[in-house]
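S.K.: Here is how the chains run, residue by residue.
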Amino acid sequence: MTVKKFNLPDVGEGLTEAEVVAWKVKPGDVVAINDVLCEIETAKSLVELPSPFAGTVTELLVEEGITVEVGTAIIAVSEGQDDGAAQVTPVAPEAPAVEMPLYGKLPADDDGDDNRPAGGPLVGSGPKADAVKRRARKRPAGSVVEAATIAENAEGTVQDHQAVLEAKAAETPAAHRTTAAHAGVAPVTQTPPSQVPVAQPQPVTAEAPLAAASRGAAISGTISGLVNKVLAKPPVRKFARDLGIDLADVVATGQRGEVTREDLVSYQAQRDAELDQADSFWGASKKPQDQRVERMPVKGVRKATAKAMVDSAFSAPHVSIFVDVDASRTMEFVKRLKVSRDFEGIKVSPLLILAKAVIWAAARNPSVNASWVDNADGKGGAEILVKHYMNLGIAAATPRGLMVPNIKDAQDLSLKELALALNELATKARAGKTQPAEMQGGSLTVTNIGALGIDTGTPIINPGEVAIIAFGTIKQKPWVLDGEVIPRWITTLGGSFDHRVVDGDLSARFMADVASILEEPALLLD
Amino acid sequence: MGSTQLPPGTEETLAATTAAAAAPGEPVEMVQLLGPDGTLGSDPVFSDYAKRIDPEKLRVFYTDMARIRRFDQEATALQRQGELALWVPLTGQEAAQIGSAHASQSQDYIFPTYREHGVALVRNVDLAELLKQFRGVSNGGWDPRENNFHLYTLVLAAQTLHAVGYAMGIQRDQKLAAATDSTEPKAAVIAYFGDGASSEGDVHESMVFAASYNAPVVFFCQNNHWAISVPTEVQTKVPLANRAKGYGFPGIRVDGNDAIAVHAVTEWALEHAREGRGPVLIEAYTYRVGAHTTADDPTKYRESAEEAAWREKDPLDRLEKYLRTEGLADEAFFDQVKADGDELAKYVRSTTHGLEVPDIRAAFASVYAEQHPLIAEELAWFEEYSAGFESDQEAAN
Numbered sequence: 001m002t003v004k005k006f007n008l009p010d011v012g013e014g015l016t017e018a019e020v021v022a023w024k025v026k027p028g029d030v031v032a033i034n035d036v037l038c039e040i041e042t043a044k045s046l047v048e049l050p051s052p053f054a055g056t057v058t059e060l061l062v063e064e065g066i067t068v069e070v071g072t073a074i075i076a077v078s079e080g081q082d083d084g085a086a087q088v089t090p091v092a093p094e095a096p097a098v099e100m101p102l103y104g105k106l107p108a109d110d111d112g113d114d115n116r117p118a119g120g121p122l123v124g125s126g127p128k129a130d131a132v133k134r135r136a137r138k139r140p141a142g143s144v145v146e147a148a149t150i151a152e153n154a155e156g157t158v159q160d161h162q163a164v165l166e167a168k169a170a171e172t173p174a175a176h177r178t179t180a181a182h183a184g185v186a187p188v189t190q191t192p193p194s195q196v197p198v199a200q201p202q203p204v205t206a207e208a209p210l211a212a213a214s215r216g217a218a219i220s221g222t223i224s225g226l227v228n229k230v231l232a233k234p235p236v237r238k239f240a241r242d243l244g245i246d247l248a249d250v251v252a253t254g255q256r257g258e259v260t261r262e263d264l265v266s267y268q269a270q271r272d273a274e275l276d277q278a279d280s281f282w283g284a285s286k287k288p289q290d291q292r293v294e295r296m297p298v299k300g301v302r303k304a305t306a307k308a309m310v311d312s313a314f315s316a317p318h319v320s321i322f323v324d325v326d327a328s329r330t331m332e333f334v335k336r337l338k339v340s341r342d343f344e345g346i347k348v349s350p351l352l353i354l355a356k357a358v359i360w361a362a363a364r365n366p367s368v369n370a371s372w373v374d375n376a377d378g379k380g381g382a383e384i385l386v387k388h389y390m391n392l393g394i395a396a397a398t399p400r401g402l403m404v405p406n407i408k409d410a411q412d413l414s415l416k417e418l419a420l421a422l423n424e425l426a427t428k429a430r431a432g433k434t435q436p437a438e439m440q441g442g443s444l445t446v447t448n449i450g451a452l453g454i455d456t457g458t459p460i461i462n463p464g465e466v467a468i469i470a471f472g473t474i475k476q477k478p479w480v481l482d483g484e485v486i487p488r489w490i491t492t493l494g495g496s497f498d499h500r501v502v503d504g505d506l507s508a509r510f511m512a513d514v515a516s517i518l519e520e521p522a523l524l525l526d
Numbered sequence: 001m002g003s004t005q006l007p008p009g010t011e012e013t014l015a016a017t018t019a020a021a022a023a024p025g026e027p028v029e030m031v032q033l034l035g036p037d038g039t040l041g042s043d044p045v046f047s048d049y050a051k052r053i054d055p056e057k058l059r060v061f062y063t064d065m066a067r068i069r070r071f072d073q074e075a076t077a078l079q080r081q082g083e084l085a086l087w088v089p090l091t092g093q094e095a096a097q098i099g100s101a102h103a104s105q106s107q108d109y110i111f112p113t114y115r116e117h118g119v120a121l122v123r124n125v126d127l128a129e130l131l132k133q134f135r136g137v138s139n140g141g142w143d144p145r146e147n148n149f150h151l152y153t154l155v156l157a158a159q160t161l162h163a164v165g166y167a168m169g170i171q172r173d174q175k176l177a178a179a180t181d182s183t184e185p186k187a188a189v190i191a192y193f194g195d196g197a198s199s200e201g202d203v204h205e206s207m208v209f210a211a212s213y214n215a216p217v218v219f220f221c222q223n224n225h226w227a228i229s230v231p232t233e234v235q236t237k238v239p240l241a242n243r244a245k246g247y248g249f250p251g252i253r254v255d256g257n258d259a260i261a262v263h264a265v266t267e268w269a270l271e272h273a274r275e276g277r278g279p280v281l282i283e284a285y286t287y288r289v290g291a292h293t294t295a296d297d298p299t300k301y302r303e304s305a306e307e308a309a310w311r312e313k314d315p316l317d318r319l320e321k322y323l324r325t326e327g328l329a330d331e332a333f334f335d336q337v338k339a340d341g342d343e344l345a346k347y348v349r350s351t352t353h354g355l356e357v358p359d360i361r362a363a364f365a366s367v368y369a370e371q372h373p374l375i376a377e378e379l380a381w382f383e384e385y386s387a388g389f390e391s392d393q394e395a396a397n
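Chains A and B, in that order, are what the protein sequence lines are.
Mapping the first sequence onto my numbering, position 501 (from 1) lands on 501, and the numbers just tick up by one.
Mapping the second sequence onto my numbering, position 71 (from 1) lands on 71, and the numbers just tick up by one.
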């Protein structure tokens with residue numbers, strides 16, 4: 001006499017669990033094959049389960065109203081009774097309390113000597129219909145025993161039981177091998193114990209969560225192995241590129257291990273701090289004096305800059321003048337340009353308007369766009385060269401030092417072309433790629449000290465030229481308009497002129513013209 | 001003027017009977033010989049074909065229908081017991097399948113969908129082998145060349161294209177046979193499909209090609225009224241049989257629960273095809289009494305009253321009534337039929353438990369007709385790979 005257990009099958013395609021709604025048999029009942037045992041409800045429908053065994057019900061393993069996982073044993077039927085008895089007293093007639101709505105009542109089957117293998121259903125009763133199952137690969141002998149101690153879920157325990165029975169019959173240690181193979185396919189998720197109380201007299205072993213956990217770790221390990229690229233969203237990547245930061249150096253705090261913008265910002269802050277080393281700048285007073293002074297040879301751009309400034313400052317008598325300007329309309333104009341379709345993708349700044357203003361004003365005051373040439377005729381006679389073209393220089397701080405590349409024939413450029421030229425010039429200078437030719441032949445220079453937040457200053461003229469404009473920062477200040485103090489966007493223009501060429505009235509007119517454009521850019525339309 | 005649309009040679013009477021267009025909502029002509037009450041009616045064309053069915057053949061019809069229904073119940077139970085991953089029940093469609101399959105001859109080639117268990121039975125396919133695919137141990141299950149019964153096609157309607165291609169092959173064989181004065185019997189092809197598949201583009205393409213080439217193919221559509229949860233009214237605004245007119249070949253709606261009419265119409269259609277007069281569309285008007293598959297629950301989308309109405313038209317009941325009232329079968333016959341059914345169920349149950357996963361080497365062996373170095377290399381790799389596992393015990397799990 002053998003007791004057989006019926007494991008909950010997957011009655012749909014890929015169902016993982018079902019609720020036992022009602023039992024149609026009780027312990028002691030004699031059942032024939034295909035007699036209805038119970039009604040179960042799955043995610044798809046209410047279904048009757050016909051008995052796969054003929055025999056006497058010994059135990060109902062799941063109470064009504066309980067949801068159990070596919071593969072859980074739900075009923076035990078003892079076979080091996082006198083076959084005749086089982087056939088003579090079937091309980092079938094009273095069984096169909098619920099009509100088999102689809103196929104009518106399943107006829108009882110007289111098949112008593114069922115010659116199936118004892119291993120239980122082979123199809124549709126796996127622990128997880130969708131789980132990827134892998135058979136265990138061969139491994140060193142020692143590890144098999146270790147793996148064999150890892151049991152997992154309901155199905156595992158039931159199969160253990162059956163495997164033990166088989167093993168006893170066959171007198172071979174097959175049970176361990178079966179279990180070992182199962183250990184490799186432990187499902188990641190487990191049904192909460194509360195859902196299988198009655199169904200599971202066998203305790204779930206403590207190793208189960210461990211097995212699940214180690215599998216989880218293995219998965220994440222695999223993932224990180226597969227993805228050796230640092231995770232980051234495209235804008236963050238661009239931000240990092242702009243800052244010159246290698247994403248791999250940044251500590252990632254994102255939900256999926258990705259580098260966030262905040263991570264970049266904090267990394268940048270830290271890097272700046274290190275670069276500044278402001279705290280350690282001051283040499284300790286105990287140190288020998290020569291160690292407290294850093295010696296830097298003057299060469300390259302530094303040397304050239306120094307020479308140019310000395311030549312300029314001590315050959316050209318500078319005169320500097322300043323004017324405060326209400327640049328509110330320039331700011332509005334810039335704002336409009338930024339949103340206009342024509343300037344889409346082009347960086348527009350107040351510097352563009354100033355550049356245009358300088359070109360416009362220079363045409364009205366030609367002497368500022370000139371050169372003073374000593375000893376032009378070789379007999380000590382000097383000349384003033386007035387240039388009927390504007391090679392507009394823009395002073396730029398670059399990685400290599402101060403550079404003044406110029407935009408050739410800027411007078412011929414439209415506003416848009418000028419904007420593009422300014423962008424290109426700035427990009428090249430910042431990247432340190434300004435070519436010597438681009439710095440030669442300038443006729444007038446603008447220095448945008450406002451970009452550094454400075455109001456104004458006394459710039460030194462670029463050698464070979466006679467005027468330079470310093471463009472101060474633009475910020476809201478109280479401004480008197482029609483007798484009232486109102487906030488306006490104010491900037492200060494500073495200019496230095498070579499007094500050998502440009503007299504005070506001329507420089508003043510030139511500055512006033514530039515200022516008038518900043519105050520009213522519409523005048524450019526003249 | 002329906003007849004002018006038909007290929008030359010089609011009988012005038014047939015054209016009048018079958019090809020007349022029915023406007024939507026209009027009652028449709030349906031060939032029926034054996035009514036739900038078990039009385040035999042008549043039809044101007046098909047009564048002659050029905051007369052060819054002798055009492056012994058009728059008893060075979062009934063036996064096969066009862067056997068396949070019993071088999072269907074057993075397979076359903078096996079699925080509910082976890083022994084099959086899925087089952088596709090046929091209950092309600094026995095007459096359409098048994099009647100049409102008996103009209104075929106052994107040289108005819110049959111392309112089923114995946115519900116044609118009745119046709120498989122008639123074509124002598126081992127029903128236990130048929131369950132292999134549903135148990136997940138085989139992608140096919142039987143050798144289609146043995147019984148000229150193709151493997152089940154799970155891709156909806158794809159087999160209609162295969163059928164037309166096969167039929168075009170038969171045409172070429174027949175040309176060759178004619179040139180050599182061969183006495184081989186002429187063959188045709190039957191493509192089984194459903195009302196749901198009729199909406200697939202594949203069916204349209206097959207019918208276009210079949211008409212263009214005058215291929216010897218019978219399109220046998222079992223209109224079981226439900227494409228899973230979609231009713232036929234959604235699939236088509238005209239009777240499916242009427243679609244044949246648009247392709248230029250005859251279309252006939254037959255009562256799919258009337259084995260006698262189904263047999264008669266199919267026999268006519270196969271003769272039509274074998275004689276080189278081109279394709280025919282048969283719409284067997286029937287009903288899927290059960291679920292689409294064991295994973296389906298029809299109570300979610302249709303009324304039980306509809307099912308009850310169709311049970312009144314049950315194909316077995318009406319043939320049983322006829323056999324009894326005509327004195328063609330006695331109680332002993334019906335007892336024997338039931339015993340046979342149970343025997344079949346028992347056989348299927350015991351063999352299903354023993355179905356083994358076939359040796360995958362067999363799959364390598366059937367890639368090419370002859371030895372192939374690449375296949376040999378791949379087999380060698382596979383054998384080395386398989387040897388790396390701990391044991392084969394889990395293979396079936």
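Don't read these hints as lab results, they were simulated from the structure.
Note that the coordinates shown come from a computational prediction; the quantities given were computed from them, not determined experimentally.
There's no promise every hint is true.
List time: in silico PhoX-like cross-link candidates among lysine-lysine, alpha-carbon distance up to 25 Å [what the hints assert, rightly or not]:
#1 286(A) <-> 347(A)
#2 313(B) <-> 51(B)
#3 44(A) <-> 300(B)
#4 428(A) <-> 303(A)
#5 346(B) <-> 5(A)
#6 408(A) <-> 347(A)
S.K.: All hints are to be evaluated individually against the structure, with a verdict given for each.
M.R.: How the hints compare with the structure:
1. 286(A) <-> 347(A): violated, 52 Å
2. 313(B) <-> 51(B): Holds, because 23 Å separates the two Cα atoms, which is no more than 25 Å.
3. 44(A) <-> 300(B): holds, 9 Å
4. 428(A) <-> 303(A): holds, 21 Å
5. 346(B) <-> 5(A): Judged against 25 Å, a Cα distance of about 21 Å means the pair holds.
6. 408(A) <-> 347(A): holds, 20 Å
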